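Sequences and hints are given; from them, build the entire structure.
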Amino acid sequence: MISAPSARVPANATYGCGPVALKINFTDSWLGEALHGLLSQYDAPWGNPVLVIQATIGRGPLPPEAKEPTGAYFRSWLLRVERQGGSLISLSKSGVWLKYDSATCEAVVVVPHGSDEPSIVEETEQQLILLLARGWAQAGWTPLHAGSLLPPGENRCVLLCAPSGVGKTTLIAAALRRGWRTLGDDKTLLQTGKDGLIARALARRFHLHPSSSRWFSELGDFGKFPHYSRWTDKRVVPIASAWPDRLLDSAIPAAVIQLQRIESGVEVEPMDPMKTLHTLLRQVAIPSDAEYARPLVACIGAVAAAVKAATVKIGQGAYDDPALVGRLEKTLWELLT
Amino acid sequence: MQNPSSDSCWRLRSDVVSTVLHNGGVILDLRSKFFFSANPTALAIVQMFETGATSAQVLEASRKWGANGDLPAVEQLIEQIIAEGLVEAATPAGGVMPEVAVGTWLLPVLSKHHEPLQRIMVSAFDPGLPLAE
Chain C
1 MISAPSARVP ANATYGCGPV ALKINFTDSW LGEALHGLLS QYDAPWGNPV
51 LVIQATIGRG PLPPEAKEPT GAYFRSWLLR VERQGGSLIS LSKSGVWLKY
101 DSATCEAVVV VPHGSDEPSI VEETEQQLIL LLARGWAQAG WTPLHAGSLL
151 PPGENRCVLL CAPSGVGKTT LIAAALRRGW RTLGDDKTLL QTGKDGLIAR
201 ALARRFHLHP SSSRWFSELG DFGKFPHYSR WTDKRVVPIA SAWPDRLLDS
251 AIPAAVIQLQ RIESGVEVEP MDPMKTLHTL LRQVAIPSDA EYARPLVACI
301 GAVAAAVKAA TVKIGQGAYD DPALVGRLEK TLWELLT
Chain P
1 MQNPSSDSCW RLRSDVVSTV LHNGGVILDL RSKFFFSANP TALAIVQMFE
51 TGATSAQVLE ASRKWGANGD LPAVEQLIEQ IIAEGLVEAA TPAGGVMPEV
101 AVGTWLLPVL SKHHEPLQRI MVSAFDPGLP LAE
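Going down the list, the protein sequences come from chains C and P. For the first sequence, my numbering assigns the number 1 to the initial residue and increments by one for each residue that follows. For the second sequence, my numbering assigns the number 1 to the initial residue and increments by one for each residue that follows.
Everything labelled a hint here was simulated from the structure, so no lab data went into it. This structure is a prediction, so every number in the text was calculated from the model and none was measured. Using N, Cα and C, we set each Cβ at its ideal position, and we do this for glycine too. Not one of these hints is a red herring.
Just so you have them, the derived chain C footprint on chain P, three or more residues with Cβ under 8 Å: (1) 8 to 19; (2) 23 to 36; (3) 117 to 129.
Next up, the structure:
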């Protein structure tokens, strides 16, 4: 599903990714063009970066010193990662290799020559997401796979937690139509400090499946938007293209909802702090390495302790019924009061 | 399960992390991905194992915190902590035990959450399996 690379990416490119700037030297221009979609998505404004990572990405054989990582630091479908001192070493299924030295903030990604280019690109993307997740944590932020909503005039937000495909974006769109605002639909950074909790935006775009187009009449034909990745048929849709005045850069997390699908109607159940913590932890890719996991767990614990929370179950046709949409909005408001 | 004799020293495994929550805290086992909620006294007992402690030292501390008639419950909790593999056998450090404070004594409760976190994730940002569109 990856579109043929089309963007012209210079050999040396800098991407602002929230508090992290990635300065990349592409020794293979095709790779630069193929990875541009992923790297350009973190378009929320942040000012000067807290951390600058220098990365070199190119083709070649595995370095002679490369060994199969144990996966003791992190393991995903495509990656096995281990920590060696201050360095992360990661190898993907098809042999894309990453080494990141967190002391020097230097990364090397070696991509094998191969016939299955879509897999190679996908796995290189996963290595860059790993690199960014580590960089964000190093910069003091906890990456959370969650959307957010703020009512008009408020700076406190509801965090929306659910796996991809459950309906975070659809609920956000329904609320935006009623004047609510958002930091984004699935990528949020959290920080806890002396001034309290803060949530920051990373990406000002939705990832929408064409089958959901009937919920987003403001956007017109989805065919004009580029694909998100080859995993899904989702399209990358700038939120500003339909709701230019509904984007915020930061907010105070004050509530959490866990979204679930049901057959029909809307059901709301309060969540206790333990379930809230579980819900939030399931939205964070926590490494198995205690030193690196501890700050993420502490941040999520602080959020779970500070918020009101509920499970919100939404039926298939709920958004067709103005009364049910009104009930959803009332639920969001009640969580913030 | 290893035998928790009173002079055996146990230390929290290096891949077990704890964090404070409402009225207690959470202990996350990064190896099994299970996590546990602990009330303030259970959390204090778990924290005693961070630098290594014997059952006798934990029982003595609990007595000072006001456990008195609840000492069998403290022994049960220590057995639970050992049985869950949250601690491993260690050599006694020999130094002074760190001060762990407990406000009001409560019967210690450590509850294992029935559902672990994801063991294998989708990506380093989005851990969960996507639902079919």
